[in-house]
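S.K.: Heads up: the protein sequence lines correspond to chains A and B, in order.
Going by our numbering, the first residue of the first sequence is number 9, and it counts up by one from there.
Going by our numbering, the first residue of the second sequence is number 19, and it counts up by one from there.
Derived from the structure by calculation, the hints contain no laboratory data.
Please read all numbers here as calculations on a predicted model, not as lab measurements.
Any given hint could turn out to be false.
[Stated by the list, open to error] Below, simulated BS3-like cross-link-like pairs (lysine-lysine); rule was C-alpha separation at most 27 angstroms, straight line:
1. 70(A) / 46(A)
2. 232(A) / 114(B)
3. 103(A) / 75(B)
4. 46(A) / 91(B)
5. 90(B) / 19(A)
6. 161(B) / 232(A)
7. 103(A) / 114(B)
8. 22(B) / 19(A)
9. 70(A) / 219(A)
10. 146(B) / 112(A)
11. 232(A) / 286(A)
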Amino acid sequence: MDYYHSPSSIKDALSMAGKFSGNYTIFAGGTDIQIYRKQQLDTNEHIIDLSGIDELNSIATKEGILHLGAMTTLDEIISSDEIQLHYPLIAEAAKSVATPVLRKTATIGGNLLVKNRCVFYNQSQAWRNGMGSCLRDVGTICQVTGGKKDCYSRNVSDTAAALIALGAEITLMTPDGITQKPLKDIYLPCGIKFHNLEEHSILTQISVPIKPKKWWYKKLRLRKTLDFTSLTVAATVDINSIARVCLNGVSMSPILVEQTMDTLTQENLTRQARKNCKTVDNDLMPLKYRREMINVFLEEWWDSIEII
Amino acid sequence: MGLKQIELTVNGFSSPFLVQSDEVLLFTLRERLYLTGTKEGCNQGTCGSCTVLLDGKPVLSCMTPTLRCVGKKIITIENISSGDTLHTVQKYLVEKGGLQCGFCTPGVVMTMVPFLEENPNASREEIKEGLSGNLCRCTGYKKIIDAVENAAEEMRS
Ligand SMILES: Cc1cc2nc3c(=O)[nH]c(=O)nc-3n(C[C@H](O)[C@H](O)[C@H](O)COP(=O)(O)OP(=O)(O)OC[C@H]3O[C@@H](n4cnc5c(N)ncnc54)[C@H](O)[C@@H]3O)c2cc1C
Ligand code: SF4
Ligand code: FES
Ligand code: FES
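All chains, full assembly: derive it from the sequences and hints.
M.R.: In structure tokens:
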């Protein structure tokens, strides 16, 4: 019996997903999921490796809309002249993920679906056994919140913040057909089931309609490289003066504040952001500091657009 | 996960052997082929010491499923010098004191060789960025960066 599968078309990948239902894991670059396997946090028996599906690796612009194949690597995105010129926000966000060598393997699709993180969960099995596993693992309560029955692990996708601020849509394929939806609508405010993709879905494409008039991006992390985000803010203002400010790394899903600049004030932006972020003490940086940095980043963004 | 017979091409040689279905390339290289030049540091993608080339592209072998490498060309640190003549990057690491214990060095070499081929005119800042996934616990990085800068200069001339 084979356990490792390398389909060469989306159709084959979907039929494998149907065949191994409930017992398979998709590998794109594998730079996130591989660690879950090493730590026995993902124990599915079958691996479906998408890296042999050439049709999923592409960067193209059609009728003013940028289309990225889900298996395009972050490095290919950063190096693309088209993206550097017209979508620098995407390049900047991709460049802030992981390290240069990892970005040559890590894909944009994998980054949008990177699993939520928590200092009590993303640990070796020995660490988790010693500490007492939480409800996202085999335990019954959340360790961070001291007993709550919900998981508050953080969505840490840097490119999700950027692509949501750009109003991106995604294309999903299932054995039943194709669906398209705004990227922001796939994320759920739950650390365990953090997206609402149907069973057997494969993310195939990301489409970006907006070339914003202004953009801004900043990531808070311990070191300038390697570390996952403690707070990512991506913001755009389009030609109709609609501001889209997306925060990630501070809640179970990316938090979007979308409002016309005519009515937006720094105070109500910060209030909306702080109210919607369910930030708990599950990162290497202290909770109070991370909360305070939300205000600092939003103020920096606000000052930057006032100057322009 | 069961055993599977595969053929891998490592440093120009192809040979068949058995691997576990979920094995990573780092394990295969070190434990099955005894190519122990590739180092296991963190085994979770954060230190860069396990870097090898897969079809010319640097990858972290601790994160790469071995079965993904079938039909591809793997190059390890053992195949970077030409016989006794060190690669320019290796030569300057030695000359400029770019290593102390040497544990991170294979990873630094395997990261910087393709980096300089892709970016022959890399600035000091770009070299630093290129090295930002390679942890070194000894040198403090300055001498590694100096060595790579010197190597870049020689490779350009
Ligand atoms: C040292 C280190 C540092 C890192 N730093 C960061 C960081 O700063 N920011 C960050 O966001 N991430 C970081 N990561 C995590 C990871 O490298 C990135 O998120 C990367 O972009 C994931 O892409 P991938 O292709 O490797 O995904 P994979 O690991 O292959 O997949 C991630 C998840 O998405 C699913 N998936 C992937 N593609 C598809 C698809 N097309 N359809 C359906 N499901 C799919 C997989 O099943 C898996 O659950 C880091 C990882 C390491 C090891
Ligand atoms: S937030 Fe709570 S339940 Fe979720 S991973 Fe962390 S400790 Fe576990
Ligand atoms: S051993 Fe692979 S990156 Fe550290
Ligand atoms: S020389 Fe010792 S880790 Fe780099």
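S.K.: Each hint should be assessed against the structure and marked as holding or not.
M.R.: Now the hints, each set against the structure:
1. 70(A) / 46(A): Given that 27 angstroms is the threshold and the Cα spacing comes to 41 angstroms, the pair is violated.
2. 232(A) / 114(B): 26 angstroms, holds
3. 103(A) / 75(B): 18 angstroms, holds
4. 46(A) / 91(B): Status holds; Cα separation ~25 angstroms.
5. 90(B) / 19(A): Cα-Cα ~24 angstroms, so holds.
6. 161(B) / 232(A): 20 angstroms, holds
7. 103(A) / 114(B): Answer violated: residue 103(A) to residue 114(B) is near 30 angstroms, above 27 angstroms.
8. 22(B) / 19(A): Within the cut-off at roughly 25 angstroms; holds.
9. 70(A) / 219(A): 13 angstroms, holds
10. 146(B) / 112(A): 17 angstroms, holds
11. 232(A) / 286(A): 25 angstroms, holds
Hint violations for this structure: numbers 1 and 7, all remaining hints satisfied.
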